[in-house]
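Student: Residues per chain are reported as follows:
Number of protein chains: 2
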Amino acid sequence: MTITRKVEAARLRDFIESAFRACDMPPENASQMARLMAEADIGGQDGHGVFRLPQYIKRIQAGGLSVDPEISLVSERPATALLDGGNGPGHLVMSRAAKLAIEKAKTCGVAWVGARYSNHAGPAFLYARMPLAEDMIGLYVAVGSANHMPPWGGTDMLLSTNPIAVAIPSNTRPPVILDMATTVAAYGKIKTAADRGQEMPEGWMIDKQGRALTDPSRAGEGLLLPIGGPKGYGLSLIFGLLAGTLNGAAFGADVVDFNADSQSTTNTGHFVIALDIAAFADVGTFKAQVDAIWKEMKSSDRLPGVDEIRLPGERLAATAAERRANGIPIPEALGNRLDSLADRLGIDRL
Amino acid sequence: MTITRKVEAARLRDFIESAFRACDMPPENASQMARLMAEADIGGQDGHGVFRLPQYIKRIQAGGLSVDPEISLVSERPATALLDGGNGPGHLVMSRAAKLAIEKAKTCGVAWVGARYSNHAGPAFLYARMPLAEDMIGLYVAVGSANHMPPWGGTDMLLSTNPIAVAIPSNTRPPVILDMATTVAAYGKIKTAADRGQEMPEGWMIDKQGRALTDPSRAGEGLLLPIGGPKGYGLSLIFGLLAGTLNGAAFGADVVDFNADSQSTTNTGHFVIALDIAAFADVGTFKAQVDAIWKEMKSSDRLPGVDEIRLPGERLAATAAERRANGIPIPEALGNRLDSLADRLGIDRL
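Chains as they are written, first to last, in our numbering: chain G, 1 to 350; chain R, 1 to 350.
Certain hints may be false.
Distance condition first, Cα-Cα at most 30 Å in a straight line; then the derived DSBU-like pairs of lysine-lysine [stated by the list, open to error]:
hint: 1; chain 1: G; residue 1: 298; chain 2: R; residue 2: 189
hint: 2; chain 1: R; residue 1: 106; chain 2: R; residue 2: 287
hint: 3; chain 1: G; residue 1: 106; chain 2: R; residue 2: 191
hint: 4; chain 1: G; residue 1: 208; chain 2: R; residue 2: 295
hint: 5; chain 1: R; residue 1: 298; chain 2: G; residue 2: 208
hint: 6; chain 1: R; residue 1: 298; chain 2: G; residue 2: 189
hint: 7; chain 1: G; residue 1: 298; chain 2: R; residue 2: 106
hint: 8; chain 1: G; residue 1: 106; chain 2: R; residue 2: 106
hint: 9; chain 1: R; residue 1: 106; chain 2: G; residue 2: 99
Treat the hints as calculated values from the structure; they're not laboratory data.
Construct all of the structure, not just a fragment, from the sequences and the given hints.
Tutor: Now the structure itself:
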C-alpha cells in the first residue's frame, strides 16, 4: 500500500464537508458528518472514515440516503426512546440518539435509545465514546450494513458482523474502548487484504464446503467465521435482534447490502446505552480504579515473543495522538478515488 | 461417565432444600436456592446446579457464605440500583436484583441493577430469563468466581470467564437464550474432560510458553484462551469493569478463587438489565418477528455434515423438556459426593 500524501485533520474535515455540501447537505449536517468521519480516520479506523465518502455520495445521488433527514421520536419512556432516522446518515441519527441517552441517564441513571430507518454510521466507537464527556459509560451496537455470515453450521448469508463498542473512562490513562465485530475479521479487513494481494490467515473465512478460504479475491464465495464459533454466531444474532428487530429495523434476510445497492432504503438499526457512573460509584474513585486495572493488566508477565500487553482503546489513543500531530495517511488508491470524486463534485482536491 | 441414577426435578429440589436447611438456612431462602439450582440441572448446565452444592455447603460451614444475608440498597435512581448482597448466595442476590430491574423497567423502559458482596450465582441464563415472564428482555453479566485467563499476550491470571447471558422471548418457539463465557471453554468443561480422562482440543488452553495444552490433568499450568483472541479478552475486561469495578466488587487480582478458598469474602459482582419490549414495539408483533428470524436461521442451507442449525436456547429448551419428563441424570462420581454430603448433614440421600 503506497501512501502518497498525509493530510491534516482540519483539511480532511473541510474536504468531507465540501463534498457533502456539494450534494446539498445542509451546512450543520455536513459539518457534523465531516467531524465524525474524520474522527474515524484519526482513530485509525481507516475503513470507516473518508474511505466511505464515495459510497455515501453515490447513495445520496442515487436517492438512497437523505441529506436533510427528519429524525423523529417514535416512542419514549423516562429511560428509553426509539428514533426514526428518516433515512439519514447513521452518524446524524446516532449522535442524536447518544445525546438523548445522555440526557435521560442524567436523571434515570441509565438510558437505552434505539433507532430505525438509519444508515451506516462509521465505526462503533464514535457513539460509545460520546457519553464519556459526561462521566458516563457508553455502549453501542449496530446491525452491520451487509450480510457476510451464515448462522453457525449454515451457508445462507443471514447475519452481519454486528459490532459492539463499549467505552469506559479512566483517570490518567486513555479510556478503555472496545470496538469489535462478532466475526473473526471485519469485511473491510478482507477488502484490504485483496487490495494488497495478501493471503488471508486460516480462520477468517470458509467456503460453502466448509474448507478454509485464504484467497481474498474469492471472498465473494466465502463465509465470514464468527469469534468462538457458535458463541460469535449467538452474539451476532442477539445483537441483530436487539439493534434491528426490536427497533423495527432490518435484520436477517431483510438487510440491504449497501455496497451493492445504493438506492433501496437500508432501514439500518442501532442502539446506544448511556450509563451514569455516579449512579453506582464516586466518579473519581471509579476512574482511579480503572487506572489500577489498566496498570495491573499492563504489568502482567508476558508470553514469549510478546513485547507489550495492550488494553482495548490503547492503540486508538496512540494512533489519534500521532495523526493529530502528523496528519492522516491516505493510501494512493483511495487518494485517486477521492480526487475523481472531487472533480465530479467540483470541489478542491484533498 | 457412568450415570447411576436419574432423579425427578421435585426430588432434586427437596434434596437441595434439605441440605441448606441442615445448615440453618432460613426455609424461604433454602427453597429459592433449591428451585434455582435445580433449574440449572434441568436446563442441562450440569456444572452449575447440584454439582456446586458440596462447595456451597463447605463455604457456608467455613463461614464464607451467609445463609441469611441482609441484601440492602446502596444507591438508587429511577432506572438503576446498586445492591449489597450481604455476602449471600448469588442466587438470592441476583433474583432480588432481577425483580427490582423488572419493576423499574415497567416505568422507565429499561433498568440496570448491579450488585456487590454477592457470590457465585450458578448459570447466567437463570437471571437473564427472569424478565421474560413480564414480556421483557433480560441481560446478565458476572465476574467469574476464579481467574483462569491472563490479559491477551500475558501469563498472569487476572481475568475470569466473565459470562454474559441474554434472553429474548419468541411466540411459538423457545426464547432465544445466549449464555456464554468469554473464553473458548468454560473451566467446568476442562474439569469434565479431566474427570473423563479425555484430551482437550487445541484452542482451549495454552501453557505459559504459549504452546497448546491438551492434557486436562495439566490444567493447573494452563491459561484459558479467549474467544476471538484479543476480542474475547476485551469482552472479559469490559464485563469485569462493568460487573465488578463499577459496583465496588472484586475484579482482576482481587478476585478470590472460590474453589481454592472457602473462607474469604469473594465480593462477587454481577449486573442484570431488564428491557421492556413495549417501550419499543408491540409485544405480539415483536415475538412473531423473533419466530420469523428463528425460522429463517433454521431454514438456511447447511455446510456438509451439518444436520441441523440451532438457535441459542434451543438445546436448553429441549434438555429441559426431556429432563422434566424423564428426570435428571446424576453421574456416579457426583452421586457419591452427594451421598456423603447427605450423610454428613444427616439428611436423606438423593
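Student: With reference to the structure, classify each hint as holding or not holding.
Tutor: Going through the hints against the structure:
1. For the hint linking residue 298(G) to residue 189(R), the alpha-carbon distance of about 29 Å falls within 30 Å, and the restraint holds.
2. Using a Cα cut-off of 30 Å, the hinted pair residue 106(R) and residue 287(R) holds, with the two alpha carbons roughly 18 Å apart.
3. With a CA separation close to 45 Å, the supplied pair residue 106(G) and residue 191(R) exceeds the 30 Å bound.
4. A distance of roughly 21 Å separates the Cα atoms of residue 208(G) and residue 295(R); the hinted pair therefore holds under the 30 Å criterion.
5. With a C-alpha separation of about 17 Å, the suggested pair residue 298(R) and residue 208(G) falls inside the 30 Å cut-off, and the hint holds.
6. Of the pairs offered as hints, the one joining residue 298(R) and residue 189(G) holds, with about 29 Å between alpha carbons and a cut-off of 30 Å not exceeded.
7. Distance check on the hinted pair: residue 298(G) and residue 106(R) sit about 42 Å apart at the alpha-carbon level, beyond 30 Å; violated.
8. Between residue 106(G) and residue 106(R) the alpha-carbon distance is near 19 Å, which keeps this suggested pair within the 30 Å criterion.
9. Between the alpha carbons of residue 106(R) and residue 99(G) the distance comes to roughly 23 Å, so the proposed pair stays at or under 30 Å and holds.
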